[in-house]
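Given these sequences and hints, build the entire structure.
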Amino acid sequence: MKQKNIYDDPLSVLFWWYDLAIFVLMFPSNSVIVFLRRNLGYRVIRPWMFQLTFLVLLGLSSMGVTSAVLSGGATSIVTPLLIFALLMGGLAFYHRRRGWELLFDEPNPIHSMSRGDSHLAKVLPMLREDIIQRYIEPAVCILLGLVLLPFAWTLGVWLLLSGVALTFIEGLFVERAVNDVLDRHDARIEAKINREVDEAKATRNAPTLPARKVGGVTLSPELQRLQAARRAAEQQQAATQSIAPQVVATQNGMLQAAATQAADPPSAATPVQP
Numbered sequence: 301m302k303q304k305n306i307y308d309d310p311l312s313v314l315f316w317w318y319d320l321a322i323f324v325l326m327f328p329s330n331s332v333i334v335f336l337r338r339n340l341g342y343r344v345i346r347p348w349m350f351q352l353t354f355l356v357l358l359g360l361s362s363m364g365v366t367s368a369v370l371s372g373g374a375t376s377i378v379t380p381l382l383i384f385a386l387l388m389g390g391l392a393f394y395h396r397r398r399g400w401e402l403l404f405d406e407p408n409p410i411h412s413m414s415r416g417d418s419h420l421a422k423v424l425p426m427l428r429e430d431i432i433q434r435y436i437e438p439a440v441c442i443l444l445g446l447v448l449l450p451f452a453w454t455l456g457v458w459l460l461l462s463g464v465a466l467t468f469i470e471g472l473f474v475e476r477a478v479n480d481v482l483d484r485h486d487a488r489i490e491a492k493i494n495r496e497v498d499e500a501k502a503t504r505n506a507p508t509l510p511a512r513k514v515g516g517v518t519l520s521p522e523l524q525r526l527q528a529a530r531r532a533a534e535q536q537q538a539a540t541q542s543i544a545p546q547v548v549a550t551q552n553g554m555l556q557a558a559a560t561q562a563a564d565p566p567s568a569a570t571p572v573q574p
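Reading the sequence shown from the start, the letters are residues 301 to 574 in my numbering.
Because the hints were derived from the structure by calculation, they are not lab data. By construction, the Cβ of each residue, glycine as well, lies at the ideal position given by its N, Cα and C atoms. Hints may contain errors.
As the list claims (entries may be wrong) - Cβ-Cβ distance ranges computed for the label pairs, FRET-style: (1) Arg-476 / Ala-439: 19 to 25 Å; (2) Pro-425 / Glu-534: 47 to 53 Å; (3) Tyr-318 / Leu-352: 19 to 25 Å; (4) Asp-480 / Arg-397: 28 to 34 Å.
This is the structure:
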């Protein structure tokens with residue numbers, strides 16, 4: 301298991317509630333992405349999470365109805381938040397089945413953890429998909445929540461919370477994607493250094509050199525000697541390549557002269573020695 305790096309993610313090391321906060325924010329953020337996106341991955345739509353979210357929304361809706369009855373307001377049990385919860389459940393069921401079908405779509409299969417494609421990309425084709433998912437979609441949720449707050453305060457508050465949660469979750473996904481790329485980059489560098497260390501073990505008996513730091517990595521004397529040997533070999537190879545054409549030309553000239561001399565018969569004026 302990979303150890304946590306305090307420089308990569310300080311909160312995950314210092315505070316135990318960091319992972320719990322991410323877990324809690326996944327519920328409101330998932331409740332809105334089923335409205336905002338298509339082609340969601342199969343494992344993104346987890347049934348138990350949406351079932352629990354539906355129960356929470358149903359409880360909030362009941363609280364809204366109870367407060368309305370006690371204040372002498374409307375007595376209808378059908379609230380905007382309940383309608384939102386029913387639509388969310390239906391869309392979650394659809395995306396779950398659709399995600400399973402897209403896993404085996406031979407021409408263009410999708411990843412099982414795909415975050416989907418935003419419907420707003422059709423309206424805003426000049427913006428990148430990641431910009432829309434990270435900034436535009438949360439802004440739409442927050443603005444819609446502010447608009448609905450005077451008329452349906454429970455749904456307005458939920459949309460406000462969902463917009464904030466979506467901002468945080470999408471930022472976290474981008475950060476982890478960047479870290480994955482950097483981890484692969486660092487792994488290649490570490491593998492190269494390990495190979496050079498293994499090759500340098502044979503030169504431990506050579507005269508010691510002071511340690512040197514290059515690009516933030518301290519090079520041992522063995523690595524310095526290995527790099528010097530490689531540079532000398534490259535210089536020798538370059539010199540050999542520059543001299544080779546001249547040697548070949550000289551050899552060709554000598555062969556041509558010998559062939560010409562062998563082809564010409566001896567002159568008649570040349571005395572023949574006994």
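(message) Tell me the numbers of any earlier hints that the structure contravenes, in ascending order.
(response) none
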